[in-house]
Amino acid sequence: MPQLGADMSAGKLQGWRKQIGDCVQRGDIIAIVETDKADIEIEVFTTGVIEKFLVQPGERVPVGTVLAIIREEGKPLEAGVSRIATVTAPQPILAALAAPAPSTTMSAARTAAGESRLHISPAARKVAAELGVDPFALTGTGPGGRITLEDVQRAAKAKPVPPAAEAPLDRQARIRQAIAAAMARSKREIPHYYLSTTIDMSRAMAWLIQENLKHAVEDRLVYGVLLLKAVALALRDAPELNSIWTGGKATPVREIHVGVAISLRGGGLVAPALHHTDRQSLDELMKTFRDLVQRARAGSLRSSELGDPTITVTSLGEQGVETVFGIIYPPQVALVGFGKVVERPWSVEGQVVSRPLITATLSADHRVSDGHRGGLFLAGVDRRLQEPEKL
Amino acid sequence: MTKQEIRETVLRVLGQIAPEADLSQIQSNLRIRDQLDIDSMDLLNWVIGLHKELKVDIPESDYPRLATLDGCIDYLASRQELQ
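Sequence order for the protein chains is A and B. Each position in the first sequence, counted from 1, maps to that position plus 1 in my numbering. Each position in the second sequence, counted from 1, maps to that position plus 1346 in my numbering.
Mixed in with the good hints there might be a few duds.
[As the list claims (entries may be wrong)] Simulated crosslink set (DSBU-like; lysine-lysine; CA at most 35 Å straight-line):
id, chain 1, residue 1, chain 2, residue 2
1, B, Lys1401, A, Lys215
2, A, Lys13, A, Lys188
3, A, Lys215, B, Lys1349
4, A, Lys215, B, Lys1398
5, B, Lys1398, A, Lys341
No wet-lab data here; the hints were simulated from the structure.
Input sequences plus hints: build the corresponding full structure.
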């Protein structure tokens, strides 16, 4: 079960999209996993033949659980076995987030460790599953420590009835809980510093109007795409902001995958990646962005989109906000915020004129970068927005 | 197309963009954006949907005329007459 973001501790396998014996290639969608936030398409990162499924549809398992075994092409069985499993080891903070684990979670987590060690009769196993009793937690009283039907029934009777408050959380509550865990961890662990700058958007907005006149309606650009591209290009000169914090240190990431904060209808948000943001043209970026927003709101994102962001950009201008003071999404080390475009007096060459202005902010991890570098980065974003035709 | 038919189309396309919205509660003379949680990407998708359904061109400079349901219906009716 891959970790699709810092706020994920477990996922429920909705279903397999391939069958045992199928050949799969890197990038193929092999399964759909339901997380607290959305249904995610799980991609394969190897090429080979599916040997075995270790988790069944409907099971909710912790991050790190092996889901399936794939035999890599042209390799002997032992050497060529690849597992669809952990992308990142679960982090301590996430353990606290985990909802009270249903018995299926515990069983599934241990399946890979060797279910053969569990001595239980088929009938007792079936009843245990029906009654929600975890057989691994039982001490068998049968011959050789075997778990009997009576053991299971006794455990079921002894099990406290969960209070109503512990009923399964609905999707909305789980999204809130996941965000709470990630944000609390960020505020606890990351020494944030904040910078702000005002950017004159007159050139960018004028260029956009002219550009959109040339485009068919379905290819029109929104100004947010210009902001995303300007951030991505400026990051090329600020690699310390495009880093991931792991194992007590920051590791710069060569690829620039800007995570874009998308609010979900009814509350909550996700921040999936626009892959290689700096290398996409504005037209390509617009197409990808539109697709991403639609899929995020429909709940059909891909695993790589949730696991890959190297920085997050959030724009709250649509809600009338002028300045964003963002919280970094771990393990990222920076977040860029944009407010609304407002028409205000602005001084140009000694003259006060009316200009569309936007406030750009940077929240950055002081363990990784300093205000001076952060300031240069924001100046880089500004500079690029003054030359929209080069974006 | 009558204004009533335009109204039904406008609301149907809006419903595809904001499926959670109770469109029967929309007040015709107030800004749609203030009544529904829609952003510029939703607005663009709405315009694309209206363009496909009604076969009218909606230049970006005319977006402000789509602000209220009444204004939007009047505008689209006038665009249809022009084309």
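Here is how each hint holds up against the structure:
1. For the proposed pair Lys1401 (chain B) and Lys215 (chain A), the alpha carbon gap of about 18 Å is at most 35 Å, so the pair holds.
2. Restraint check for Lys13 (chain A) and Lys188 (chain A): the C-alpha separation of about 28 Å stays at or below 35 Å, so the hint holds.
3. For the hint linking Lys215 (chain A) to Lys1349 (chain B), the alpha-carbon distance of about 30 Å falls within 35 Å, and the restraint holds.
4. At most 35 Å may separate the alpha-carbon atoms for a hinted pair to count; Lys215 (chain A) and Lys1398 (chain B) meet this at roughly 18 Å.
5. The straight-line distance between the Cα atoms of Lys1398 (chain B) and Lys341 (chain A) is roughly 30 Å, inside the 35 Å bound, and the hint therefore holds.
This entry satisfies every hint, going by the numbered hints stated previously.
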